[in-house]
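Undergrad: Given the coordinates of chain A, work out where chain B should sit on it, guided by the hints.
There are 2 protein chains.
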Amino acid sequence: MKKTDKNTLFKKLSKMASDAKEASRRLANLSTEKKNECLRSMAEALLNNKDAILASNKKDLKMAKDKGLSGVFLERLSLNDKRISEMAESLKELSKLVDPVGNEIKTWSRPNGLLISKVRVPIGVILIVYESRPNVTSDCIGLCFKSGNAVILRGGSEALCSNSAIYDVLKKVILDAGLPQAVINLVKIADRKAVNALLSLDQYIDLVMPRGGESLIRQVRDRSKIPVIKHYKGVCHVFVDKAADFAMAQRIILNAKVQRPSVCNAIETLLVHEAIARDFLPTMIEALQDARVEIRGCEKTRKMVKGIKKATDKDWGTEYLDLILSVKVVAGIDEAIAHINGYGSNHSDAIVTQDEEAADKFLKQIDSACVYVNASTRFTDGYQFGFGAEIGISTDKLHARGPMGLEELTTYKYAIKGTGQIRE
Amino acid sequence: MKKTDKNTLFKKLSKMASDAKEASRRLANLSTEKKNECLRSMAEALLNNKDAILASNKKDLKMAKDKGLSGVFLERLSLNDKRISEMAESLKELSKLVDPVGNEIKTWSRPNGLLISKVRVPIGVILIVYESRPNVTSDCIGLCFKSGNAVILRGGSEALCSNSAIYDVLKKVILDAGLPQAVINLVKIADRKAVNALLSLDQYIDLVMPRGGESLIRQVRDRSKIPVIKHYKGVCHVFVDKAADFAMAQRIILNAKVQRPSVCNAIETLLVHEAIARDFLPTMIEALQDARVEIRGCEKTRKMVKGIKKATDKDWGTEYLDLILSVKVVAGIDEAIAHINGYGSNHSDAIVTQDEEAADKFLKQIDSACVYVNASTRFTDGYQFGFGAEIGISTDKLHARGPMGLEELTTYKYAIKGTGQIRE
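Heads up: the protein sequence lines correspond to chains A and B, in order. In this text, residue positions in the first sequence follow the numbering used here: the first is 297, and each later residue adds one. In this text, residue positions in the second sequence follow the numbering used here: the first is 297, and each later residue adds one.
The shape of chain A in the complex, shown without the other chains (with noise of 0.2 Å):
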């Protein structure tokens, strides 16, 4: 790329994202009454322009078919009739939810008459950098207009037909409103480049969201000048303590490997107390085997059952997002503890137990976003936590963990009224 090219591609970006800096103060301050009625009229115009966003679609799923890609590839990137139709339900639903800005988390007085409140407001400007999935562009842009925030969207080239459609459709909804287009934004350069250049804008963006495979996450992470909210992976554990109820374990473990394997609060490893492994684990084991699940296991598993693979060390930091589980016998309550919190992720660990100091301790020690006592860490989602809806999860620290809904896409700011109070 010559070097006139990469700067007209820097300042139409830099220009896209100081559009939306000034759009995103306009959509701060707009009535929850305008915004549900925008999502209620975008989930409309997806319905309404269901035919030419499928046929958007097939020209890239052609693409990706000519170019070999996989058929899970092309099953994420397909749109149809139905898929449309739950798009323009979540926006519907968006619509209904409580809307977080203005909310004053709370308020109180000085001792010289200051009054201080907590308001909620939206952060700004988000970026959302993304992989193949189309309905990622409308959640996203519903979800970020209903908490007030401009968005800029950066969607894997392969679904760069399907995303401009959503986006033209949605954007018509915006600009028929009376609202800057700069509300929500689409960047529809196929150049890698065009990333790089949006992270380095931090004057204007806010908060950028990595959502897609760890690579992708490592690379924005490593670029950004931007605050950076996002998850590597979700190395998720159950530990079956000695007071565990055994049908209750089994039930949990079976669901939180086999029902969806594929996603992040799906488990990898489970660990067991010794105490009670050779009662437990055998029968465990034959009933995973059963739903093909392959097991991986250390020294002990494998005295107690026979054939069984060897996991090595690698395997207890890997997410095979697959019908693979590895499984370690534990002395007891506390190396299960420094197991989780030295090869996990930090993000849905769970431990199936009768005792409730048991329970208690793996609560306070499990440094993890989200931390079970008898349930299964399928449950770590927004939409099961009861947030209406999710833009993604955070295995980070600072500003939101776990599941993150319409509040997790706001800040606060203080707003101080006084009566001509000065410092002494």
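Hints listed in this document are in silico derivations from the structure and should not be mistaken for laboratory results. Bear in mind the structure is a predicted one, so any value in this text is a computation, not a measurement. Treat the hints loosely; a few may be bogus.
A pair holds if it fits inside one copy or across any two, identical chains being indistinguishable in the list.
DSBU-like cross-link-like pairs, simulated, lysine-lysine; straight-line CA separation at most 30 Å [as the list claims (entries may be wrong)]: (1) Lys538 / Lys414; (2) Lys529 / Lys311; (3) Lys392 / Lys414; (4) Lys660 / Lys317; (5) Lys657 / Lys414; (6) Lys657 / Lys467; (7) Lys489 / Lys521; (8) Lys378 / Lys467; (9) Lys355 / Lys308; (10) Lys307 / Lys529.
TA: Same frame as chain A, now just chain B:
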């Protein structure tokens, strides 16, 4: 520096950070009572070791004088009986504040019976990079300790003897209490490469807070793989609306500019509504000049008051930290808001007005951490807000905004209690 030396440095710091992470897990679960007891012992130990600390401080002062450092610098660096007593007093005060750790932010149950609690927990390991004030050493140790965070301190090389003396006294208290030393850490390596090495250790360190001049903060931000919370500078404003009480406006402006001009919450620019500028400005400027403030005005200001220096575009974005004030006459509140959001630093800005509608508009549309109506910007301060302590002020939007106390040194996790729930 030879490559082997660099590797040794990196290994040493990496070990320090990894030990701090380990120790932070212990500290996270320490009882409030035990923490308070340690804080009281720390206060006592500082007083008992006053002479040794003052002797070390003398060494730093001699070296700084020999280097020819400025009087302001020496003043910041120097300790005396009173300053050490204040440091001890702060630690005692911290022992009386409410412990945020373990606080249930909210708890709710789901239709399937899951009980979800959002619970405050420490952030983990916090790195503080600061300049020449030795009292920051004990203040930060106290704040991080009370909020359950391990801390790594990296002060300016000119204060190394003083910081080491303070640290060694507090470390002894930690060891005497049977706690791991690594809950508090001081980097005693003067080499600047130490900071860069620390900023790469994001697997162990959860947050970095740079405290000092803008160039130090920019260096940290540019180098860091760890999330940074910061404020570069405070370009704060007072806007005098057409419906202002003139006497109140004058009192607030004098306080915000003159009471302590060297701090980030002092104002740098005064904006005045055109409709009252002719009546208000001449007297105001005279009062400021009487207080030895140099005025730099816009064209309109210079027409109303003779003999004033011209403000350039650069002035509007400058943090003088001195008795200098830029003054601009604006057409109305919209221009004032656009000016503040455009040139300001999102720190603290005030409107003086008796018009509730104008006040409300200003509160809503100014994109700053602290927005004031009829009060001085000088109140942006943890103590003034009633937080009892302050580790810094954030102009960032993520995690924490404005003055940061103990609560802002925590994050949360979700503790979920079930009775065997699995996901359908």
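Undergrad: Decide, hint by hint, whether the structure agrees.
TA: Here's how the hints hold up against the structure:
no. : hint            : in the structure
1   : Lys538 / Lys414 : between (46 Å within a copy, 27 Å between copies)
2   : Lys529 / Lys311 : between (34 Å within a copy, 25 Å between copies)
3   : Lys392 / Lys414 : both (25 Å within a copy, 24 Å between copies)
4   : Lys660 / Lys317 : between (41 Å within a copy, 16 Å between copies)
5   : Lys657 / Lys414 : between (34 Å within a copy, 16 Å between copies)
6   : Lys657 / Lys467 : between (51 Å within a copy, 28 Å between copies)
7   : Lys489 / Lys521 : both (15 Å within a copy, 21 Å between copies)
8   : Lys378 / Lys467 : within (22 Å within a copy, 63 Å between copies)
9   : Lys355 / Lys308 : within (26 Å within a copy, 55 Å between copies)
10  : Lys307 / Lys529 : between (34 Å within a copy, 27 Å between copies)
Every hint from the earlier list agrees with this structure, and none is contradicted.
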